[in-house]
Amino acid sequence: MVENNINIQNPVLSIRNLSIAYDEKKFAVKDVNALIERNAITAIMGPSGCGKSTLLRAINRMHELYPKIITKGEILLNGQSIYEMQTIQLRRKIGMVFQRPNPFPTMSIYDNVIAGYKLNGIKLNKDQRDDIVEKSLNDVTLWDEVKDSLFKKGTFLSGGQQQRLCIARTLAFNPEVILLDEPTSALDPIATAKVEELLVDLKKKYTIVLVTHNMSQAARISDNSMFMYLGELIEYGKTEAMFTNPKNPKTEEYLTGKFG
Amino acid sequence: MKSEKITKYVLFAVSLIILLIFAGMVFSLAGGAMPVFKEYGLKFIISADWNPTTGRESYGALPFIIGTLITSLLALLICFPLSFSTSLFIAEFYHKTRVASVLGTIVDLLAGIPSIVYGLWGFYTLRPVIIALGLSDQGFGIFTSSIILAIMIIPYATSLSNEIITMVPTELKEAAYSLGATRFEVIFNVIIPNARSGIVASYILALGRALGETMAVTMLIGNANIIPDGLFSTGNTMASLIANQFGEADGLKLSALIAIGLLLFLITAIVNALGKYIIRKFS
Amino acid sequence: MNLGSDIAYIDTFHRRKVRNTIFKIIVIVLSVITTSPIILILSKLIIEGVGQINLDFFTQLAPDTFQAMSAKMSGEKIPGGIVNGITGTLFLVLLASLIAIPIGIMAGIYLYENGSKRYTNLIRNIADIMQGIPSIVLGIIGYIWIVKNITHGFSALAGSVALAIMMLPLIIRSTEETMKMVPESIKEAGAALGVPYHRIILKVMIPSSFSGLMTGILLAVSRIIGETAPLLLTTLGSPVINFEIDKPTSAVPLLIWNFYNDPNMIDLIWSSSLFLMGFVLILNLISKRIIAHREKN
Ligand SMILES: Nc1ncnc2c1ncn2[C@@H]1O[C@H](COP(=O)(O)OP(=O)(O)O)[C@@H](O)[C@H]1O
Ligand SMILES: [Mg+2]
Numbered sequence: 001m002v003e004n005n006i007n008i009q010n011p012v013l014s015i016r017n018l019s020i021a022y023d024e025k026k027f028a029v030k031d032v033n034a035l036i037e038r039n040a041i042t043a044i045m046g047p048s049g050c051g052k053s054t055l056l057r058a059i060n061r062m063h064e065l066y067p068k069i070i071t072k073g074e075i076l077l078n079g080q081s082i083y084e085m086q087t088i089q090l091r092r093k094i095g096m097v098f099q100r101p102n103p104f105p106t107m108s109i110y111d112n113v114i115a116g117y118k119l120n121g122i123k124l125n126k127d128q129r130d131d132i133v134e135k136s137l138n139d140v141t142l143w144d145e146v147k148d149s150l151f152k153k154g155t156f157l158s159g160g161q162q163q164r165l166c167i168a169r170t171l172a173f174n175p176e177v178i179l180l181d182e183p184t185s186a187l188d189p190i191a192t193a194k195v196e197e198l199l200v201d202l203k204k205k206y207t208i209v210l211v212t213h214n215m216s217q218a219a220r221i222s223d224n225s226m227f228m229y230l231g232e233l234i235e236y237g238k239t240e241a242m243f244t245n246p247k248n249p250k251t252e253e254y255l256t257g258k259f260g
Numbered sequence: 261m262k263s264e265k266i267t268k269y270v271l272f273a274v275s276l277i278i279l280l281i282f283a284g285m286v287f288s289l290a291g292g293a294m295p296v297f298k299e300y301g302l303k304f305i306i307s308a309d310w311n312p313t314t315g316r317e318s319y320g321a322l323p324f325i326i327g328t329l330i331t332s333l334l335a336l337l338i339c340f341p342l343s344f345s346t347s348l349f350i351a352e353f354y355h356k357t358r359v360a361s362v363l364g365t366i367v368d369l370l371a372g373i374p375s376i377v378y379g380l381w382g383f384y385t386l387r388p389v390i391i392a393l394g395l396s397d398q399g400f401g402i403f404t405s406s407i408i409l410a411i412m413i414i415p416y417a418t419s420l421s422n423e424i425i426t427m428v429p430t431e432l433k434e435a436a437y438s439l440g441a442t443r444f445e446v447i448f449n450v451i452i453p454n455a456r457s458g459i460v461a462s463y464i465l466a467l468g469r470a471l472g473e474t475m476a477v478t479m480l481i482g483n484a485n486i487i488p489d490g491l492f493s494t495g496n497t498m499a500s501l502i503a504n505q506f507g508e509a510d511g512l513k514l515s516a517l518i519a520i521g522l523l524l525f526l527i528t529a530i531v532n533a534l535g536k537y538i539i540r541k542f543s
Numbered sequence: 544m545n546l547g548s549d550i551a552y553i554d555t556f557h558r559r560k561v562r563n564t565i566f567k568i569i570v571i572v573l574s575v576i577t578t579s580p581i582i583l584i585l586s587k588l589i590i591e592g593v594g595q596i597n598l599d600f601f602t603q604l605a606p607d608t609f610q611a612m613s614a615k616m617s618g619e620k621i622p623g624g625i626v627n628g629i630t631g632t633l634f635l636v637l638l639a640s641l642i643a644i645p646i647g648i649m650a651g652i653y654l655y656e657n658g659s660k661r662y663t664n665l666i667r668n669i670a671d672i673m674q675g676i677p678s679i680v681l682g683i684i685g686y687i688w689i690v691k692n693i694t695h696g697f698s699a700l701a702g703s704v705a706l707a708i709m710m711l712p713l714i715i716r717s718t719e720e721t722m723k724m725v726p727e728s729i730k731e732a733g734a735a736l737g738v739p740y741h742r743i744i745l746k747v748m749i750p751s752s753f754s755g756l757m758t759g760i761l762l763a764v765s766r767i768i769g770e771t772a773p774l775l776l777t778t779l780g781s782p783v784i785n786f787e788i789d790k791p792t793s794a795v796p797l798l799i800w801n802f803y804n805d806p807n808m809i810d811l812i813w814s815s816s817l818f819l820m821g822f823v824l825i826l827n828l829i830s831k832r833i834i835a836h837r838e839k840n
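Chains E, Y and Z, in that order, give the protein sequences. Numbers 1 to 260, taken from my numbering, label the letters of the first sequence in order. Numbers 261 to 543, taken from my numbering, label the letters of the second sequence in order. Numbers 544 to 840, taken from my numbering, label the letters of the third sequence in order.
Derived by calculation from the structure, the hints in this document are not laboratory data. Take the hints with a grain of salt, since some may be wrong.
Below are the SDA-like pairs computed for lysine to any residue, each with C-alpha atoms no more than 25 Å apart in a straight line [what the hints assert, rightly or not]:
| no. | chain 1 | residue 1 | chain 2 | residue 2 |
| --- | --- | --- | --- | --- |
| 1 | Y | Lys265 | Z | Arg716 |
| 2 | Y | Lys536 | Z | Asn664 |
| 3 | E | Lys126 | Z | Phe556 |
Covered, in the sense of this in silico footprint (three residues per stretch, anywhere, with C-beta under 8 Å from a C-beta of chain Y), are these stretches of chain E [what the hints assert, rightly or not]:
| no. | region |
| --- | --- |
| 4 | 116-128 |
| 5 | 162-174 |
Beta carbons: idealized from backbone N, C-alpha and C, even for Gly.
Go ahead and model the full structure; you've got the sequences and the hints to work with.
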C-alpha cells in the first residue's frame, strides 16, 4: 500500500508501474509510481539495498548497459516516453552524478568540464569552451579554487572538489534533470555542506533527484521525499510533512532510527 | 629455534641458486661469445656477411638481427587488430557472458599449440595459400613467418590486454555513458586513454615472445643468410639461425652462434623488462 | 549558446549510431577470424593424424628411413610408432621436474616469506626476465654447461637442465602467488603450537596450497612438453628407448622434426603432432579443472 500524499502539477518525470529485476526471480524495484516535481529537490530514502540506486538509474536508462537487467513499466519525460528517445539524447537531458567522484583521470580539469561535448563529438570554438568551463565551474563554486590550475589533472583535487567538478561536468551540458546517487557519502562534513548548499542553489534552474541514506540530509535540502523499502515505494510526500507526520508505520520506524 | 634458522638459510641458499643460474647464463653466453667479439669486435653486430666456409670465414649478425626485428614487428602489426578486437569482445562488448568465456578459452588454446606444430601447419596449409595468391614462388619468407608468429602471440597479447581493459573502472565508463556517449566513444575516449600504458605493455610483452620463437620460423622463413629486401623475401632470424646451424658448428662459428644467442638474450630481456616495468607502473 | 549547438548535435545522432554499429561489427568479425587458426589447425591434425594412430603407434620404435621407404614403395602403411619419443619426453619431463620443482617451490616460499626487500625484488625481477628468455638460448646454455663440460656429448641431462630453467620462473611465481592465499591464521596456529618452521612449511603451507602448486607445475610442464628448439641443441634424439641421463634421448617433438625433414616419413608428422597436442591440452584441462574446483571452494 503506497501512501501518496503529494499532488504534483506539470511533472518533469512520471514514473509508471516501474519494476526492475537483476535476475528474473528477484525484483529490486517493484511497481513504483511517482511524479517528480519541476525545479525541486526530490530525495529518495530508504535502507541500504532497498532499490534506490536501481530506481534512479532507470531514469536515464543506465540499466541498458547491462543486457541481463529487466525493466518493465514506463517513464515519461515532459510527457514523452523515455524509451522512445535515443539514449544519447535522453542522457543529455538527464545528467547523472555518482556516489564516488569520478572525474576522467586522463583529462585536465578543463577537459573534464567539457567532457560531454568532447565525448559527443560536438565542435566548440575556444571562446565557447572557455565560456562553458568558467560558467559551469562558477555554478559549482569551484572556479576560484581551480582557475589557476585548469590544465592540471582533475584527480589532483580533493574529494569534495572532485565531486563538484563532476557536478560541473553534468551542468556544462545544460540538462533538465540531474540525478545524484549518494553524492556526499564519500565526502567529509565540510565538503558535504558545500555540495548541499550548491544543490539548493541549483534547483532554481534544474530538477534534482537525490538518492541519500542520510535522513538529515533529506530533511535539510529536499522538497519532496520518497521512502523505499524492499523495492517498494512505501511513502511519498512533502518532506516536511513526511518527517513530522509519517503516514506509514515503516516510514516512522525508519525516520526514528529503528532500522536502516 | 635452531631448526628455524636452518630452514631460513636453506631457503635463502635456494634463492641464491636462482641468482647464480642467471649470472651463470650471462657469464657462459658472454664467455662463449668472446672469441668472435675478439676477432671482429663490434663489427660482428653491424656486418652483413655470414660465411662459414673454411678459409673465407666471416661472421656478421646484422641480417639476423634485422630479420628478427622485421618478422616480429610485422607479426605485432598483424596480431594487433585481431587480438585487440578479441580483447574488446571479451572484456567490453560481451564482458562476463558465456560467449566471451568460450572465445577466451579458444584463444587460450592457441598458447598450448607447440611451435613445431605451428610450423607444420604453416608449411602445409599457409604456404600453399601464399603461393596460390602469387605472393611468392616458394611461399617461404618474412611474410609467411610473420603471419604464423602473429597467430602464436595472439593469446599472450589478448589475455594481458583483457585484464588491462577490465581494470578500467566501471564508474568512468558509466560517467561517459551518462553524458550521452556511445560505446564507440567510450572505448576511444575513456577505455583506451585510461588503459593505454597497460595495452602498450601487453604488446611489448607479446613482441618479446615473437622475438625468440624458433621452430615455426625456422620452417617458414627460407633460411637465407641475407638482409631481407622485401616483405616476401626470404631471410633468417637469430633464433632460427641458431637452430639450423648449431648442430655442426665448432670453433669460431660456434662462438658466433653463441654471440647471436647472447644478443637475442639481451634484446628479449630488455623488451620484457620494459613491458613488465610499464605494467607494474600501470597497476 | 547551448541551443546553437543543439542543431548540429542532433544531426550527428545518426552518424554516431552508424559508426558505433559498424565498429561493433568489425570487432565481432575480427574476433571470429581470430578463432579460425585454432579450428583450422586442430581439424588438420585430426583429419590427417587419426588414421596413423593405433596400438603400434604407442608401442613401437620410430621407423628408420629405409623401413619407411620400402613400406611406401610397396604401398603399405609406414610401420612403427613413436614409443622412443614418448618415453624420451616423459623421461625429460621427469628429470626437469626433479630439478625445477624443489628449487622453484623453495625459492617461491623464500620470496613469499621475505616480502619486498631489495634482494627479494631482485630475485623476482630475475625470475621475470628468465620467463622471457627464448628457449633456444636455454638450449645453448644446456649445451655449454652440460654437453660440453659434464656429459661430453648430447644427453638427456643437458635437455632437462634447459627445460628445468624454463619451468623455474613459472613455478617460483605461482608458488609465491599461491602461498599468499594461505590464510595467515593457519600458519599462526602452527607457530603458536611451537611447531618448527620447516614442519610448518612441509605440513601446513604446502598441503594447504597443494592444488595451487599443482596447477603451476602442470602449466609449466605443458609449456615445456612441446619444446623442440632447446632439445635440438642438447639431447639430439635417439632411435631407441633411453633412460640414461648421460645419453642422447628422443622426444616426441624431436621425432616430429625428424619426420618433417625426411620425405619418406612425412606421413607420421600429423599423428605425432596430434598426440603431442592432445597431451598438452589434457594437461591444460586438468589444471583448469583444479583452478575451477579451487575457486568453487
Ligand atoms: N548489479 C547487480 N546485480 C544483481 N543484483 C543487484 C545489482 N545491483 C544491485 N542489486 C540488488 O538489487 C537490490 C537493490 O540494490 P540498490 O538499488 O543498489 O540498493 P540501494 O541503492 O538502495 O542501496 C539489492 O538487493 C542489491 O543486492
Ligand atoms: Mg545505492
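task: Given the hint that Lys126 (chain E) pairs with Phe556 (chain Z), test it: the Cα-Cα distance must not exceed 25 Å.
output: Cα-Cα ~23 Å, so holds.
- request: Mind checking the alpha carbons of Lys536 (chain Y) and Asn664 (chain Z) for me, to see if they're no more than 25 Å apart?
  value: The hint holds at about 13 Å.
task: Take the C-alpha atoms of Lys265 (chain Y) and Arg716 (chain Z), compute the straight-line distance between them, and say whether it is at most 25 Å.
output: Holds - the C-alpha atoms of Arg716 (chain Z) and Lys265 (chain Y) are around 24 Å apart, at most 25 Å.
field: Annotated coverage of the region 162-174 of chain E by chain Y, confirmed only when three residues or more have a Cβ within 8 Å
entry: Held - the region 162-174 of chain E has 4 residues with a Cβ nearer than 8 Å to chain Y, which meets the minimum of three.
query: Do at least three Cβ atoms from the region 116-128 of chain E come closer than 8 Å to Cβ atoms of chain Y?
result: Check passed, 5 qualifying residues.
Of the numbered hints stated above, none is contradicted by the structure.
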